[in-house]
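Trainee: Spelled out from the first residue to the last, the chains are:
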Amino acid sequence: MLESRYLSPRLRAKQTLPPYHSDVVVVQLPRVIGINSRGIAAIRRTKRPRSVPIVGVGVRLTPFERRAGACFCMAADDSLLRCPLCGQSHSTPVLKRGQRALCVRCGTVIAEHDRLGGKNATLALTLTGLFLAIPSLVLPLVTLEKFGRERVTVLTAGFEGFWTHGFESLGMLVLLCGTLAPFGLLGLLATIILTESNIAFQKWNGRLRRWADAIEYWAMPEVQVLGVMVAFFKLGDVVNLTVGPGLWCYGATSLFTLMAWRRFHLQPAQPRPPALASAATVAE
Amino acid sequence: MKTRAAFTHSSTLQSALLALAAVVMLVPAYALPVMHLGTFGKPTLDTTILSGVIQLWQDGLAGLAAIVFTASFLVPLLKLAGLTWLLCATVGKPTRHARLLTKVYATIDFIGRWSMLDVFLVAFLSGAVRFGKLASVHPRPGVVAFGAVVVLTMLATHRFDPRVFWLETKRLDELQD
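As they're listed, the protein sequences go chains A and B.
In case it helps, this note's numbering puts the first sequence at residues 1 to 284.
In case it helps, this note's numbering puts the second sequence at residues 1001 to 1177.
Keep in mind that the hints were calculated from the coordinates and are not lab data.
Cβ atoms here follow ideal geometry from the backbone N, Cα and C, with glycine treated the same way.
Interface residues of chain A toward chain B, partial, derived using beta-carbon atoms under 10 Å:
(1) Leu85
(2) Gly107
(3) Leu141
(4) Lys146
(5) Arg151
(6) Thr156
(7) Ala157
(8) Thr164
(9) Gly166
(10) Trp218
(11) Ala231
(12) Leu235
(13) Leu241
Negatives, chain B to chain A, calculated, CB over 10 Å:
(14) Ser1051
(15) Ile1054
(16) Leu1074
(17) Trp1085
Starting from the given sequences, assemble the full structure and let the hints guide the process.
Mentor: What follows is the structure in structure tokens.
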């Protein structure tokens, strides 16, 4: 039996647990309905249906979650969705558009179905990021000018700077976090999504997913964008600066990387294809 | 002191050691200069992380100074403080606040990367500003220490496994009987 301190007051009174397959908390995402005169998005929350209970097992919902209409959701099949933070397993939820599944125990967001399409939208974001990666590597990032001497920098300027001044390890770190990891992540995501339905690639697919997970932790293009912008303001009185098209492309790439990754890792695992499921049974 | 099995959990121990190394590296990271700016006709300038922030503030870029101060001073300190809290909570009695601690962990994991800001800043400046005697920026050893702090705290966060807070709680699918 669950220790009573982990139960919400309502459940502590009842002491009855719902069946195993109803164990993800689903909340409705706020819906943006327009922009008012001050430029602030007006947000309307969708009302939860009255028939749906608002408790998750063992959690005390935050007021926000409760107001947003937290409720149980029904299971799709017997495949499991594990919370990356607390290890609780859940059945794969069926989410409607604009719904988000929270871990029943610790409240972490583990799946989301946002208002754009499904896998195709993720692939579109990834490919856009990849296409923009090429100009962001080649085109000038920032052009500096001092007393008529001009210097054009590209994305690898940071790596170059550390490397030529004898800080090789930091140069590698900057190259990894700013360039290799984000672009590699985009490439991996595109490969994973494109080969997902192909059964011949199943083994590689899992491997690539693990690599993407590992590489994502070190991909921080948005931090590099901010770094370059701070440098831009800092140098204002020392040299004359012009933003090049490379910075715009890189900024867009980093935005698309973030969006694609969020959508990718918050999509619930697909049910296994029937052929593989039966193969697993035979193997056992 | 009665130590819970969780602390001997190798990932918690590794995380504690990495965090300790990061704390040690904090001292040179903030004390040593991170870069050197030489401009024609002006005295050369060695900036540490905090003097860089003060300089931005004096130039009238208060918002930017606030961003850099948050990213390169507050974030590493808060991260290490949070990690210390999490590590302390794995010792002794099982915690009553598993949900809160898991949220703290998620926050630390999320903000961690922003302290790389200063490393990227120095990297870009030293790569871009190379006009010989007119204007040039050189990195200084402090940036190595600062980079080490960032990487070590990120590794420590990555090694830490928040599931140790949930060891005493049964998984909900084990509650069928």
